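Student: From the two separate chains plus the hints, produce the assembled complex.
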Amino acid sequence: MKPLRIALTKGRLEKDTVALFEKLGMDCTAVHNKGRQLILPIGDGSIEVVLAKAADVITYVEHGVCDLGVVGKDTIMENGSRFYEVLDLGFGKCRFALAGPKGKDFYEGFSEKTVASKYPNVTRAFFESKAMDVRVIKIEGSVELAPLLGLSDAIVDIVETGSTLRENGLEVKETVADISARLIVNTASMKLRKQEIESLSAKMEEAIRKDLKVETS
Amino acid sequence: MKLYNKITPEGTRDLLFEECAARRLAESRLEQVFVSHGYQEAITPGIEFYDVFEPARSGIPQEIMYKMSDQKGRLMVLRPDTTTPIARLAATRLQNMERPMRFYYNQPIYRSNPGLTGRNNETVESGVELLGVGGKRADVEAIAIAVQAMESCLPGFRMEIGHAGFFRALASELPISEEEREEIRSTIESKNYAALNTILEKLPDSPAVRAMAKLPRLFGGKEVFEEAFSLCSSPEAVETLRYLQELYEFLSALGLGSRMMVDLGLVQRNDYYTGVVFSAYVEEWGDAVLLGGRYDNLLARFDSPMPAVGFSVIVDAVAQAMLKRGQGAKVKKPDVLIFAEEGMELAGIQYAQRLTKEEGLICENALCDTLEEAQALASKKGIARVDVVEQKEIVKGGEGQ
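Note that the protein sequences, when read in sequence, are chains L and S.
Following the numbering used here, the numbering of the first sequence begins with 1 at its first residue and continues without gaps.
Following the numbering used here, the numbering of the second sequence begins with 218 at its first residue and continues without gaps.
Think of the hints as simulated: they come from the structure by calculation, not from any bench.
The structure displayed is predicted, hence computed values, not measured ones.
There could be a bad hint or two in this list.
Interface residues of chain S toward chain L, partial, derived using beta-carbon atoms under 10 Å [claimed, not checked]:
#1 G332
#2 G335
#3 N409
#4 K439
#5 M478
#6 S496
#7 E500
Note that CB positions come from ideal geometry on N, CA and C, so glycine has one too.
So here's chain S without its partners, still in its complex pose (with noise of 0.2 Å):
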């Protein structure tokens, strides 16, 4: 029988030094943007109940989950998500819970995604969720520090915004099916003109129609807004414009200056979000290292209305991005070997202790009989220092020895 012993499964992988010092580097520097802002931890489970990630409810299409079942044949998954468990949470146990709600999570999840495309089953996120407040506060919070989080990690990114309600405000003035609105919708998640236009031609011409029509084109700087407003005439429309705008000019005082964006069609799936949509890019990534946006919905599904926002930042990438720019973290390296003399091992550990304790150094401890060897071991190991510690006294070795 063929063992697969020796090997990872496709879609994860080892992290060693650099790698592991970069995606460490990245977390620590997302932590602390988010703790800086009263933003606690939450951990949750690897293992889920299936029904918490149910497709209506997660937007998460179910051949992407792993799946198992528990000792009661009940169907359980991993993790495919983080902000579905913590509205599960809000939802049960932290309903008395004074609101806002701020959690912050750094945990992987696990999508299977189909094989040989090298896209990774195993990623990590790190992210926030602002439970239980809605409205411009709320927004304005999330993207700031969506922005303080990508600054302190990949400076020189793009953020875009965009609204799920001005599709939604857009496709209610057209007379469609569901199925023509979500053909209409996927056609300009793809910016499929084309396609958009061949769907849109069979309707009756209306302000609304045309709209739509431009709706994949309408992405860019602030000229966006004028070029929306001269398209749309219903009041809800004009109204997520306005609202939208008002996001844009606030956060301008950001200083991202063009480096903001608006894409007004952001459309996702399921209408899992319901307001503000907001992602990042870096020249460095193929695709949004970080995805965000209000969710007012989703905790309904869970018997306990509220408003929510949040956004998660794909911490992976995020390394990769900073590595490939040379600003991974530096693989901390043993400052001093140290050679203890027969019978003053444990002597030789708690020198090590008493190094670290009072400067601050790395000492590895070297397992060899004799000085030479020791020795011989920190040139290789490029170890400048060397120190013996004999019966009598600790020699100290110097720099460069």
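Next up, chain L with everything else stripped away, as it sits in the complex (with noise of 0.2 Å):
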């Protein structure tokens, strides 16, 4: 059999899932000692992990070269989805959020507003759905600096505390969007190859909903 393939995005989505899969009595010391292989079998090898940046999870996913993959909301909402979203796995939480200068009402005025992000997709679809005209600037770095340096009237980032945004004089005007990791799947594979994939991910939602019932209690 052919073993189930998961790309993980990597970095701490990387390190939550695989402590995730160690939940479920996963060998992940391949994940571990990646040295330089690409390609990693976990468990009792009916599983190999990719690990890839973001976006490519989700092209590996959409391809059907890889089964399943591990990415935020954030880089679907960006990215589109040509995939099924199974699972929201809890972890990686924080929002898209428009943000703009301290005490400024965004809104206020009839001119057109300009707004920096990296994002420009969900910005657009952001501002679309409010049926509002904005000029949307794409920016690769530090997003915060556009409206300090006149660049643009607000930003539409990732917001985790929003500290950075407070050492640079700038407040979250309006949540965009909540984000968390999700599980996705390749509509082929999820036909082919239902019950593997519906076990690992029932077992991945059980050991979720237990971590939460540990957090409440």
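Tutor: Shown next, in the form of structure tokens:
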């Protein structure tokens, strides 16, 4: 039987997912001592882990070269979805927010607003849903700079604690969307390997629920 | 100025040798199946008026259509699918034709996908449309032909059926707006259980809400029907399920066994499909390789309402999968290299024609001046036999010369 191949977003989501797999009793030694290997068998070898950048996780899953993937909702919102999004993993929590200079009403006045973001598609969709014309400028690095330098009226970015915003005299004006890590599945894999995928996703879901109970009790 | 004269546009490609042969093999096998059931080929223009494919009619988003304008400034598109043009034909030129009308097609469609994703913007699709008759007989015919078509190219595939009416029936029982309905539909389409539950939790509890919450999980083998029956109460939903189960049992006679699946969560955009929907999957491809269903509303949009069902096979995907399995066609190589002496050039060509006609051999004409060169060429190209056309006679070469 071909192993199930799962692509993990490198970094924090990878660590959280591996921790979850270990809770399920899977041996993840190969991931901890990965060296230069790119495809890593875990557990009894029935699952292979691939580590990739967030947007690439989506690409691999869409093309079906990976059956599953763990990726943030932020990446899904920005890159669109031609796959199944079956599970909210509950970790990697943060939110997309519209932020601008403190004390200034973003919506005031009649002139077209300019918004800078690393996530132009999310930004555009957000303002389209408000039937509002804005000029969206894509920025690759620290987006907070754009309003400080006078390039934009506001930014749309991922906010966790909001401390970077505060330090730069910005504040959250509005939440655009809540974000957390998601388990995604290739559409053909879901149909061809239903049992394996559903049992893995059910086990992961159960482990997450248990965690939640421990946290709240 | 930069010239783009040495590359093909993104999402298109040149096919040669094995790839060409595999595509032609897939096409000819599919055609054979379609023709054997009395389907006639339709060829439609590569360029059509945009109005034919207007998104509300065709379910095709405008941003993925390639557009241009004609001399009068009217908007044109490169054909983004073939079902809509055949519906146009049926509703206009073929109004008085005996029904049902059966057509098959094999032609490329053009869609402008987002860049750098590796998707094809030019895709060859082969398929059938059965127009003018609704109901079970037509549905069974279409699905059975789809199964036969897949069997002819990629045995071992999985076939999946669903019904657009099931979601519609459940949704009509819920107190929701058009936007909420679309939100629910899209979460079911992407099997996004979490988002679906968030929406449904806001609604007053009812059997329909509980059934809707289960919808994305209602896929698999025939056990799905049992679970679905226990969940739904409205006569419409029950009737849809019964129909689908009947189809499923009917089609199990085709011997697919556990490779026949049901997905009640197949819900397409824009309510394009109105009844049964079906698709086929193979291990070698990350997406469905065949898609089809009943679309009874499309013809009404051309002012000639009639029921219709059909499907299309993504031929490029099928050919690629056949190649991956090592089941493509052999590329035809010459059996004989013919060298004609000076002054006998025409006789050489005529000899080749005779050899092909009488013995069915593929003959390549050697375009060199000496026999030695011809022999060197034959060994380089792996042609086993060299025949020489001389002034007086023809000297036949042996195997392995």
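Student: Hint compliance check: list the failing hint numbers for this structure, sorted ascending.
Tutor: 1, 4
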